[in-house]
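Peer 1: For chain A, the structure is supplied; the task is to place chain B on it using the hints.
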Amino acid sequence: MCAAKKNCSMPSPPADKAIRICIYGDSHLGCLKQALDQGLVDPRGYDIEFWGADGPYFRQLRLQDGVIRPDPEAEERVLLVNGRGRKFLRPGDFDVMFFMGARLRAGEFLEFLRRRMSRSNGFLSRAVVMRVARGWANRTRSYRYAGEIARSGAARVVYFPTPLPTFSGRDGATQPGPQEAGRCGDVVALGWSSLSEVAGSDGIDFIRQPDATVTGGLRTRAEFGCAGFAEAGDLVHKNARFGAIVLEQLFGVLEAAPVRAGAQHRRAAAAN
Amino acid sequence: MTNPYAGLPEAAFYRTAVADREPMQIGGLWKPKFPIRPHHAIVTAGSCFAQHIGRALLKNGYRWLDCEPAPRFLSAKERQEFSYGIFSFRTGNIYTAKMLLQWLTLAFEEATPRWAGEYWESDGRYFDPLRPRIEPDGFESIDELEMSRQATLAAIRTAVEKAQVFVFTMGLTESWRNRDSGLEYAMCPGTGAGQFDASRHEFHNHSFAEILKDMRQALAIMRAVSRRQKVLLTVSPVPLTATASGEHVLNATSHSKSILRAVAGQLASSRKDIDYFPSYELISSPPFRGRFFADNQRSVLPEGVDFVMRNFFADQQARFGAPVRRSPGAGRRPRRRMAGRAEDVRCEEELLDAFASR
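So the protein sequences, as listed, match chains A and B.
Under our numbering, the first residue of the first sequence carries the number 191, and numbering increases by one thereafter.
Under our numbering, the first residue of the second sequence carries the number 1388, and numbering increases by one thereafter.
The set of hints was computed from the structure by calculation and includes no laboratory data.
These numbers were taken from a predicted model, which means no experiment stands behind them.
Just so you know, even glycine gets a beta-carbon here, dropped at the ideal spot from N, CA and C.
Possibly wrong hints are sitting among the right ones.
[Claimed, not checked] One-sided excerpt, in silico: chain B residues whose CB lies under 10 Å from chain A: (1) R1459; (2) F1460; (3) F1469; (4) R1477; (5) R1544; (6) T1545; (7) E1736; (8) D1740; (9) F1742.
[Said to hold, decoys possible] Sample of chain B residues lacking proximity to chain A, with all beta carbon distances greater than 10 Å (derived): (10) C1435; (11) R1520; (12) Q1582; (13) L1599; (14) T1640.
Just chain A, same shape as in the assembly:
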């Protein structure tokens, strides 16, 4: 039994009423899958199914009439990821749609905000930042899909954005000094909270990258980088430990506001 299972203090939902979770995304699904395969998290009470594809194929997944379908070229990859023969994704088949990464590169938004706000003429009010966050998020197709699914009430939607690039010390990023870190921290906190608020208003539970995994506000700590990330220059992908933290965050969100297994998520639909 893994350490997570031994020390697990969170009550698990009864096994006979497993919450059906579809984890939808791009190559960032990898770290979650590894976390589960390595037993770093306790998934009891959850029936987890992956659905998605990596980069070029991910761009060929399209939501139409409430169903996400792959273009023919992406079918094979989707089936590989899913492993259960599910060619089309009907969000209503699940209690929870968990978007992982899926091209919502929060780091780009935070970096944009940091650069903008560091200029003498660049200050933005919170009201403007909120508008910027909404405009930025809605440029990403997956975010629009998430919003559409949430509005439809087909499933509860939770979103974890693309993890911040791993700190390697080789890409020009440096550890900020205390003063800079303070300023940067305020802006980054504003960025995260505005994204959460925007997503919340779209009926999406947004999970920001946990502080424990972040360094300098805008980078993922090196210990969470994928194997050999520095040598391979892969600052994008993360390891199983990171995946475990993400899943724990997801489970935390679901336990804080429980979802009834087998019931379609009607909250957003009722609100509309």
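Peer 2: Below, chain B without anything else, positioned relative to chain A:
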């Protein structure tokens, strides 16, 4: 020569220059003192009509400076809502000479004036008396208001430092101010933001002498920053929405515009680096019979703005020749595609590692 009028050009006579012409053929009102070329850095500020000038300059390939640009990802409607891209900095309308002086004082004087610390609060939101409508719902705190104002002051500094031509449109003589501190407000407290308090707020209708003095002080601040800068003054043709002078609003409008026009003329006649562009005359003069005003008889229609700007460019060309226009996008480097292919390969490996083994 029988008298001084004999031999004067057609433009000197009302019949030949105005009455005998189709209104839209009237032109040549401006004899510009200095060239304004597409490559010149141009700043616009002032009353609401100034926004049309900035927009038209930009549309015609001129280098209009936006020193406090909107952040990316805002829609055009949102940019407008938050007053980005309307003037060269985010002051909102600067209606009076005194307000221009206040902004320049805040931007360039080392000591913060006593009047600078006034803020308006309403339902837990804070409004900047210098620009109460800059954030539609106000600021969430005084700190936020102050940081936003500091950003605008930085933009003003940049604008004044970089501008080769500073276009200022004079709008009003009537104003409201704080009796104690002397702070002049962008609008009367209580009309959109703030609360009116007769014991603290007073009406003031600036005189010719006061406006001239304020303009000279404002110009002195700008000149101390940039001695080569040219100033182009215009007077907004937009009539007053309302007057607190006790006069009929038409009389008050005539009074206000006459004084502003006289100050602009006085300044332009006294200095080589200050010119007056007659947008007021091009919109408001009798031969145009109000055709450039919208149904509310105040707002200037787009065809009015076009007419003004056509005259602007034609008069520049008549005096200085055709400008060499910058081609759109000239000097821009083509955008490099991100290293997407390598990333795609890594993504594929990542996913195959995780999922292919089952």
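Peer 1: Determine for every hint whether it applies to the structure shown.
Peer 2: A quick look at each hint next to the structure:
Among the interface hints, the one on R1459(B) holds; its C-beta lies about 7 Å from the nearest C-beta in chain A, closer than the 10 Å criterion. A hinted interface residue such as F1460(B) counts as satisfied when its beta carbon comes closer than 10 Å to some beta carbon of chain A; here the least separation is about 3 Å, so the hint holds. For F1469(B), the interface hint holds, the least distance from its beta-carbon to any beta-carbon of chain A being 6 Å, beneath 10 Å. The beta carbon of R1477(B) is positioned within 10 Å of a beta carbon in chain A (closest approach about 9 Å), and the interface hint is therefore held.
Look at R1544(B): its Cβ gets to within about 8 Å of chain A, closer than 10 Å, so that hint holds up. The restraint placing T1545(B) at the interface with chain A holds, with a minimum CB-CB distance near 6 Å, inside the 10 Å limit. Checking E1736(B) against chain A: minimum C-beta separation of about 8 Å stays under 10 Å; hint holds. Against a cut-off of 10 Å between C-beta atoms, the interface hint on D1740(B) holds, since the closest Cβ of chain A lies about 6 Å away.
Taken as an interface hint, F1742(B) checks out: its beta carbon lies about 5 Å from the nearest beta carbon of chain A, inside 10 Å. The claim that C1435(B) is not at the interface with chain A holds, since no C-beta of that chain comes within 10 Å of its own (minimum 22 Å). No beta-carbon of chain A is positioned within 10 Å of the beta-carbon of R1520(B); the least distance is around 13 Å. Distance check for Q1582(B) against chain A: the nearest CB is about 22 Å away, which clears 10 Å, and the non-interface claim stands.
Once the 10 Å rule is applied to beta carbons, L1599(B) is consistent with being away from chain A; the minimum gap is 31 Å. The Cβ of T1640(B) sits about 35 Å from the closest Cβ of chain A, beyond the 10 Å cut-off, so the non-interface label holds.
Every hint from the earlier list agrees with this structure, and none is contradicted.
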